[in-house]
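Protein sequences appear in the order of chains U and G.
Here our numbering is used: position 290 in the first sequence is 294, and no number is missing along the way.
Here our numbering is used: position 238 in the second sequence is 242, and no number is missing along the way.
Since the hints were made in silico from the structure, they are not lab data.
Positions of the beta carbon are idealized from the N, C-alpha and C atoms, including for glycine.
Incorrect hints may have been included.
Below, a sample of chain U positions facing chain G; criterion: calculated Cβ distance under 8 Å [as the list claims (entries may be wrong)]:
1. LEU18
2. ALA53
3. LEU63
4. CYS76
5. LEU80
6. GLY81
7. ALA98
8. LEU100
9. SER102
10. GLY212
11. ILE219
12. GLY235
13. LEU242
To be clear about the criterion: a stretch of chain U counts as covered by chain G if any three or more of its residues have a C-beta under 8 Å from a C-beta of chain G, and this derived list gives those stretches [as the list claims (entries may be wrong)]:
14. 150 to 162
15. 295 to 306
If you anchor each label on the Cβ, the simulated ranges turn out as follows [what the hints assert, rightly or not]:
16. SER314/G to PRO288/U: 33 to 43 Å
17. ASP297/G to THR86/U: 42 to 52 Å
18. ALA53/G to LYS7/U: 23 to 33 Å
19. GLU96/G to ASP169/U: 28 to 38 Å
20. ASP169/U to ALA173/G: 51 to 61 Å
21. ASP115/G to GLY179/U: 18 to 28 Å
22. THR272/G to GLU190/U: 21 to 31 Å
23. SER314/G to GLN135/U: 33 to 43 Å
24. ALA42/G to PRO257/U: 24 to 34 Å
25. SER72/U to GLY65/G: 44 to 54 Å
26. GLU96/G to GLU96/U: 27 to 37 Å
27. ARG301/U to ASP60/G: 22 to 32 Å
28. ASP297/G to GLN135/U: 51 to 61 Å
29. ARG254/G to GLN135/U: 51 to 61 Å
2 protein chains.
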Amino acid sequence: MPKPERIAIVGAGLIGRAWATVFARAGLDVTITDIDAASLAASRERIRATLEDLRDAGLVGDPAAVLSRIRCAGDLGEAVETASYVQECGPEDAELKSRLFAELEARTGPDTILASSTSGIVASKFNGQMQDRSRAIVAHPVNPPSLIPLVEVAPSPDTAAGIVDRTMALMEQVGQSPILVRREVEGFVLNRLQGALLNEALRLLRDGVASAADIDRTMRDGLGRRWAFMGPFETIDLNAPNGAGDYARRYGPIYRRLDEARDAQPWTAEVIDRLVDQLRSADPIDAHEARCDRRDRRLMALTAHLQHASDQD
Amino acid sequence: MPKPERIAIVGAGLIGRAWATVFARAGLDVTITDIDAASLAASRERIRATLEDLRDAGLVGDPAAVLSRIRCAGDLGEAVETASYVQECGPEDAELKSRLFAELEARTGPDTILASSTSGIVASKFNGQMQDRSRAIVAHPVNPPSLIPLVEVAPSPDTAAGIVDRTMALMEQVGQSPILVRREVEGFVLNRLQGALLNEALRLLRDGVASAADIDRTMRDGLGRRWAFMGPFETIDLNAPNGAGDYARRYGPIYRRLDEARDAQPWTAEVIDRLVDQLRSADPIDAHEARCDRRDRRLMALTAHLQHASDQD
C-alpha cells in the first residue's frame, strides 16, 4: 500500500474549496493557500457550510472531522513543500500559470504531481518554464467536484506515465471518476461534447424550430433521463436489438446527413439575444443565486439517488 | 371541463403497448388494435408485466385497475370508430402510413386527432392521401413513453391550431412532457440534439482523444448529472454570474471555433467498428437483454427520484 498522497491546493476560490472538500472527505490531509489573504481566511467557514449541506443530503458523515483535515497556509512555499500532489486552481491565464508552475517545480520535491484545474489551457501551454516537464498535468474537474465526480486527466506529451497513473489512481481513491484525455485538444472531452450539443441547440433556436424552454425540456424530460446513468454510446448500444453496429446501420445515415448539412456557426449576437430574452422572461437575473442554490440541492439529492441505485445494481 | 379523450392505439408493438400504459394509468379508456392477431392477443399480458414493474417501483398504484381500462379490438374500424384521439404506432414507412392515415380519416369522426408516433417521417410526408389534412400530426415519444415523459408534438403546415392545442393538452393531462416542434425538420429536436452529440463523440473516438468507455463516463458522471433535471440553456445560464449572455461572452468563442473546425462526418465503417469492438469487449452481445432490463430498472428508480425531488422543490 503506497503512502497516502499529501494534498496542497493553490487558490481558495470556488473550485479550490470544492477540491479541498473532495480530498478531505476521503481522509486525506489538505493544505490550502491563496495570495488573497481575505479569501484564504474565509475559506474554512465556506467549506464548513458546504460540508453541512452535504451532511444534510446524506453525502458526508461528520463535517467537523473532515474540516479538521484542512489547514490554511498564507505562504505558497509552506503550503506545498511537503505535498505529494498539488492541485492548482488559479485564474485561466497561460502566462500566469507558466510562472506559477515553474515556482511550484522549484518549491516541491521531485516526485510531487503538479496538476492544474484548468478547463481551457492544455499542459503544453503552461509547462514551458519548467526544467522538468514530466510532473505537469491537467486534472480538470466539473464544477463543483464535490457533487459531480468526473475529472478529465489530460497529460502533455512530456508528462511521465507514472504521473498519469498516480493522478488517475488518486482520483479513483477519493471517489471521483477520472477519464484519460489521450491527446491535447481544445475543450478536452466534456466541453467538446457540451459544445456540440449547444451548437445544435442554438441552431434550433435560431431557426425557430423550438423555444429555449422546449429545447431545455427535451433534455430534462427526454435525453437526460438516460444520460444521468449511462453514456451516449451505451445508450445507442441498447437502442437496437443487435447493439451499436445495428444502430449505426439503422440511424447512422440520418446523423450523417444532419452532420453534413450543418451551416454557419450559430453564436451570433442575434441568436444569443433571443436566448437571453427567453430565459430572462422566465427567470429574472435577480433569481440567479436562488436558482443556483436549487440546482445544488437537486444535484445533492440526485447524487444520493445515483449512489443508492448503483449500490443496488 | 371537456369530455375525456377516448384513445385508440394502432399497433400493439413495444411503443403501442407503452402508449396504452401511459393513457390508461392516467384514467383514460384505451382500445388497442394490430393487424397481427398474435401480437394483439399477447399485448395485454405484456402490458400487465410492465404495470407490475411500474408498481414495484412505486410509479403505478393498482395494475389491475389500469388494465381494466384497456381493451383489444381485432378490427381497425371497430378500434377507432368511437375514438377522439388515435395514436398510430406502425412501421416507419411513409407510403404505408399515407394509406393508413387515409383509412383512419375515413373511419373516424371529423374531430378525431390522428397522431403518428414516427421518429423520422414528418406529417407532410404521410398526409397526402387525406381529404382534410388538418387532423394529422406527429406525437413522437421517447422509448418507452411509460418511463420517459418527453413527447415531440410536430404539426404539418396543414394541421389545425385546435388539433395542436388538444394534442399538447392531452399529453400534459396524462403526465407526459410535450414540446412543440414549430417547423418540419428531419430528426425533430431530440434526435438532432442527440445526433450532434453522437457526431462529436464519434470524432473523439476516431481521433484517439478518449476511449468509448471514457466518453460514456464523461456523460454519466459529468454532463448528465445536470441534464437529468435541467436543460443545456438553463445549465449555462447558471454557469456564469450574469447568466447565459455572460456565459456566451466568456465561452462562446471556444464553441464557435470548435464548430467551425468540424471536419468530415465520422460515421465511417472504421469508426463504427472501433466503437463496436470496444463496447463488445466490455459487454458481449448476449448480455444485451439483461442490460436493457437493468436500464429500465434504473430508469424507473430515477423517475421515482425525480418526481420526489421535483415535488419537494
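Please write out, lowest number first, the hints stated earlier that are contradicted by the structure. 1, 2, 3, 4, 5, 6, 7, 8, 9, 16, 18, 19, 21, 23, 26 and 29
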